[in-house]
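*Asks:* Read off the chains here:
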Amino acid sequence: MSDRILEVEDLSVTLERGGKEITPVQNVSVSLGRGEALGIAGESGCGKSLTLKSIIGLLPPGAIVGGDLRFALDREEPISYESADVHGHGIAIIFQEPMTALNPTMRVGDLIAEGPKIHHGLDRREARERAIELMRLVGIPSPEKRARMWPHQLSGGLRQRVMIAAALSTEPKLLLCDEPTTALDVSIQDQILGLLQELRTRLDMSIIFVSHDLAVIGELCDRIAIMYAGQVVEKGPVDEVFADPKHPYTEALMHSVPSFQQTTEKLEGIEGAPPDPGSFPDGCRFAPRCRYVRDDCATASYALVQIGERRETGCIHPELLEGIGS
Amino acid sequence: MTAFLEIKDLTVTFRVGSAIAARLKGDPVPDLVAVDDITFTVDRGESLGIVGESGCGKSTLARAITGLVPVTSGSISLDGGPLGKRRSKATRRRVQMVFQDPSSSLNPSMTVERTLAELLRVHKIVPRDRIDARCAELMDLVELPKSLLKARPRSLSGGQRQRVGIARALALEPDVLIADEAVAALDVSVQAPVLNLLNQLREELGLTVMFISHDLAVVRYVSDRVIVMYLGNAVEDRSTVDLFESPRHPYTRALMAAAPKFGVKKAPGESAIKGEPPSALDLPSGCRFRPRCPLAEEICEQVEPDLSGASETERTACHFPWEG
Numbered sequence: 483m484s485d486r487i488l489e490v491e492d493l494s495v496t497l498e499r500g501g502k503e504i505t506p507v508q509n510v511s512v513s514l515g516r517g518e519a520l521g522i523a524g525e526s527g528c529g530k531s532l533t534l535k536s537i538i539g540l541l542p543p544g545a546i547v548g549g550d551l552r553f554a555l556d557r558e559e560p561i562s563y564e565s566a567d568v569h570g571h572g573i574a575i576i577f578q579e580p581m582t583a584l585n586p587t588m589r590v591g592d593l594i595a596e597g598p599k600i601h602h603g604l605d606r607r608e609a610r611e612r613a614i615e616l617m618r619l620v621g622i623p624s625p626e627k628r629a630r631m632w633p634h635q636l637s638g639g640l641r642q643r644v645m646i647a648a649a650l651s652t653e654p655k656l657l658l659c660d661e662p663t664t665a666l667d668v669s670i671q672d673q674i675l676g677l678l679q680e681l682r683t684r685l686d687m688s689i690i691f692v693s694h695d696l697a698v699i700g701e702l703c704d705r706i707a708i709m710y711a712g713q714v715v716e717k718g719p720v721d722e723v724f725a726d727p728k729h730p731y732t733e734a735l736m737h738s739v740p741s742f743q744q745t746t747e748k749l750e751g752i753e754g755a756p757p758d759p760g761s762f763p764d765g766c767r768f769a770p771r772c773r774y775v776r777d778d779c780a781t782a783s784y785a786l787v788q789i790g791e792r793r794e795t796g797c798i799h800p801e802l803l804e805g806i807g808s
Numbered sequence: 050m051t052a053f054l055e056i057k058d059l060t061v062t063f064r065v066g067s068a069i070a071a072r073l074k075g076d077p078v079p080d081l082v083a084v085d086d087i088t089f090t091v092d093r094g095e096s097l098g099i100v101g102e103s104g105c106g107k108s109t110l111a112r113a114i115t116g117l118v119p120v121t122s123g124s125i126s127l128d129g130g131p132l133g134k135r136r137s138k139a140t141r142r143r144v145q146m147v148f149q150d151p152s153s154s155l156n157p158s159m160t161v162e163r164t165l166a167e168l169l170r171v172h173k174i175v176p177r178d179r180i181d182a183r184c185a186e187l188m189d190l191v192e193l194p195k196s197l198l199k200a201r202p203r204s205l206s207g208g209q210r211q212r213v214g215i216a217r218a219l220a221l222e223p224d225v226l227i228a229d230e231a232v233a234a235l236d237v238s239v240q241a242p243v244l245n246l247l248n249q250l251r252e253e254l255g256l257t258v259m260f261i262s263h264d265l266a267v268v269r270y271v272s273d274r275v276i277v278m279y280l281g282n283a284v285e286d287r288s289t290v291d292l293f294e295s296p297r298h299p300y301t302r303a304l305m306a307a308a309p310k311f312g313v314k315k316a317p318g319e320s321a322i323k324g325e326p327p328s329a330l331d332l333p334s335g336c337r338f339r340p341r342c343p344l345a346e347e348i349c350e351q352v353e354p355d356l357s358g359a360s361e362t363e364r365t366a367c368h369f370p371w372e373g
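So the sequences go chain by chain: R and H. Counted the way this note's numbering counts, the first sequence spans residues 483 to 808. Counted the way this note's numbering counts, the second sequence spans residues 50 to 373.
One chain only, chain R, in its complex shape (with noise of 0.2 Å):
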């Protein structure tokens, strides 16, 4: 018997590109408990939906995974998996666009109903009341009306929960979410987040949340990993992350983010640009932005350290961090 739902250890995805071998995930190793919500967060390019597709299979063609992926179904040992066994069997997935992912040529009940129809056997009429069934948990007003809509007859925000609904319909144990409220307006992308939390806890299922926004993980996830050029930089709870964070572009990123709360005097930002991942910097990643750099860190290869009781870090230096609001 064990708490862990998932373990990613010393994940990589190399694709092709050009003619060229690029790895734009390397050495991620993140885990999971059951009923526990993990937010990947970092800039567009990192890695974090790649991260997040190979979990569940569904990369483009032609890329590699190395590493080791565990899942456990029940309460047992992760053990190993391949993506055709968990899908519709444990994982699902929720996309940011919900009008690309949905089927425009099905009407939204049935589309519901096409999981348990393929995976529980059940038969057509079974399959539409348990579609309705799903639409009225997901708080989809009338779900009788709507289950006979297309999808551009729903608002982005109906489209979103049918989607959510949709990738219920299997009963999963892990849902990934790749930045589901990003294409969404705040009043709606509230409601969402609001949802999410409401049915991890029904439902003890659990998430990894992917986001660009550090203050929507903080609102849904217990824990954080914070993605960099492909590499996981900082891992820890979110509450200790955001208020002490001991990796420089942790604390870049909390600093480059106007705070509603409060009038910030001057937003600092992070000088330059992501690589790109064909052409990642030797030794620590970040060391071309960093406001700390020190000679070791072009040279530092890449390690997580402990740090505290629940934390990681990749940084070499953390001791020079001044924290936040410095």
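For the record, the hints were derived by calculation from the structure and aren't laboratory data. Don't take every hint at face value.
What the hints assert, rightly or not - Non-contacting residues of chain H with respect to chain R, defined by C-beta distances greater than 12 Å in every case (computed):
no., residue
1, Phe53
2, Lys57
3, Val65
4, Thr140
5, Thr160
6, Val171
7, Pro333
As the list claims (entries may be wrong) - In silico DMTMM-like pairs for lysine to aspartate or glutamate, Cα to Cα no more than 25 Å straight-line:
no., chain 1, residue 1, chain 2, residue 2
8, R, Lys748, H, Asp264
9, H, Lys310, R, Asp726
10, H, Lys173, H, Asp189
11, H, Lys323, R, Glu579
12, H, Lys310, R, Asp695
13, H, Lys195, R, Glu753
14, H, Lys310, R, Glu680
15, H, Lys134, H, Glu222
16, H, Lys195, R, Glu750
17, R, Lys748, R, Asp726
As the list claims (entries may be wrong) - Rough simulated footprint, nothing fancy, chain H against chain R, three-plus residues with beta-carbon under 8 Å:
no., segment
18, 663-669
19, 674-685
20, 697-704
21, 735-742
All C-beta atoms, glycine included, are put in the ideal place defined by N, C-alpha and C.
Let chain R serve as the given structure and place chain H on it in line with the hints.
*Replies:* Just chain H now, kept in the frame of chain R:
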């Protein structure tokens, strides 16, 4: 004294669906009112933020002021002179816009230099032999290396492209700069430098800035005053400090409650605003926020509240504004 930029009773409507089909059926031709009777003024050198959710008409308002969509009724005037439907080259120059997505608003086949030089030449901003020098100055202004003048948009990063977008708007030496979601498409670490640049340019060049965004935090960072829009209406118009300290309109309060905050965990099933905005084609009677408003009473259903208050820049459109 007249205000610098004056928007009076501005309404913009769009025709939706087929007029012929509607007439054949004997229905009235459907009109979508994107901006409904909005009045406000902006002082010279002021930075005004306009915030609201998608479909509230904030971008249409920006486009109407720039002259990119025709105004249905009402007037826009700048420095006492009208900004009408047909604008001369000289008046067009005075209001410029920075768009949301720099990758689709720059011509992919033109180098940065050509993009800028063309404007300088057509609008005769500087004599021909000074064009090269002026391009270089513009690059300095937006803090880009001059070597990028020869680059095409695809070889620039998102932040660099947006700086080119700003340089392009500034090339015409405008009085008013309108930034429509200018940082929404950028990564967080790149957003901050662009916001700082806009703040700095405004000070250096004495620009009047209208900053349009869905993001309260961004608006708070760059604006002196904020107008909150909901479904084509302005619902609150106040100084940034006052608005964030004591929002009066229930919609503003709800927006602030909905924005994600550090150090606050979401409770299961909790949300600040229930429901979704109604369709702009089928508006509720009275106050537009009524169906979602926690304070709504009978009067809200019958009377649409005016945007009014103690002064021009201290207005709220609510029957029961929060007094704090």
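*Asks:* Each hint needs a verdict: does it hold in this structure or not?
*Replies:* Here is how each hint holds up against the structure:
1. Against chain R, the non-interface label of Phe53 of chain H holds: every CB pair exceeds 12 Å, the least being about 25 Å.
2. Separation of Lys57 of chain H from chain R is adequate, the least Cβ-Cβ distance of about 29 Å exceeding the 12 Å criterion.
3. With a closest Cβ-Cβ approach of about 15 Å to chain R, Val65 of chain H is found to remain outside the 12 Å limit, as its non-interface label requires.
4. For Thr140 of chain H, the shortest C-beta to C-beta distance to chain R comes to about 34 Å, beyond the 12 Å cut-off, and the non-interface label holds.
5. No beta-carbon of chain R is positioned within 12 Å of the beta-carbon of Thr160 of chain H; the least distance is around 20 Å.
6. Val171 of chain H, annotated as away from the interface, keeps every beta carbon of chain R farther than 12 Å; the closest lies near 32 Å.
7. Every CB of chain R lies more than 12 Å from the CB of Pro333 of chain H, the least distance being 16 Å, so the non-interface label holds.
8. For the given pair, Lys748 of chain R sits about 17 Å from Asp264 of chain H by alpha-carbon distance, which is consistent with the 25 Å threshold.
9. For the hint linking Lys310 of chain H to Asp726 of chain R, the alpha-carbon distance of about 17 Å falls within 25 Å, and the restraint holds.
10. Using a Cα cut-off of 25 Å, the hinted pair Lys173 of chain H and Asp189 of chain H holds, with the two alpha carbons roughly 21 Å apart.
11. A hinted pair counts as satisfied when its Cα atoms are at most 25 Å apart, and Lys323 of chain H with Glu579 of chain R qualifies at roughly 22 Å.
12. Of the pairs offered as hints, the one joining Lys310 of chain H and Asp695 of chain R holds, with about 10 Å between alpha carbons and a cut-off of 25 Å not exceeded.
13. Using a Cα cut-off of 25 Å, the hinted pair Lys195 of chain H and Glu753 of chain R holds, with the two alpha carbons roughly 18 Å apart.
14. With a C-alpha separation of about 18 Å, the suggested pairing of Lys310 of chain H with Glu680 of chain R holds against the 25 Å cut-off.
15. For the hint linking Lys134 of chain H to Glu222 of chain H, the alpha-carbon distance of about 21 Å falls within 25 Å, and the restraint holds.
16. This hinted pair checks out: Lys195 of chain H and Glu750 of chain R have alpha carbons roughly 23 Å apart, not beyond 25 Å.
17. Only pairs whose Cα atoms come within 25 Å are accepted, and Lys748 of chain R paired with Asp726 of chain R is accepted, the gap being roughly 20 Å.
18. Counting residues of the segment 663-669 of chain R whose CB lies closer than 8 Å to any CB of chain H gives 3, so the stated coverage by that chain holds, three being the minimum.
19. Given as covered by chain H, the segment 674-685 of chain R passes the check, having 8 residues with a CB less than 8 Å from a CB of that chain where 3 are the minimum.
20. Only residues whose C-beta sits within less than 8 Å of a C-beta in chain H count toward coverage, and the segment 697-704 of chain R has 5 of them, enough to reach three; the restraint holds.
21. Three residues within the 8 Å Cβ limit are the bar, and the segment 735-742 of chain R against chain H gives 7, so the coverage statement holds.
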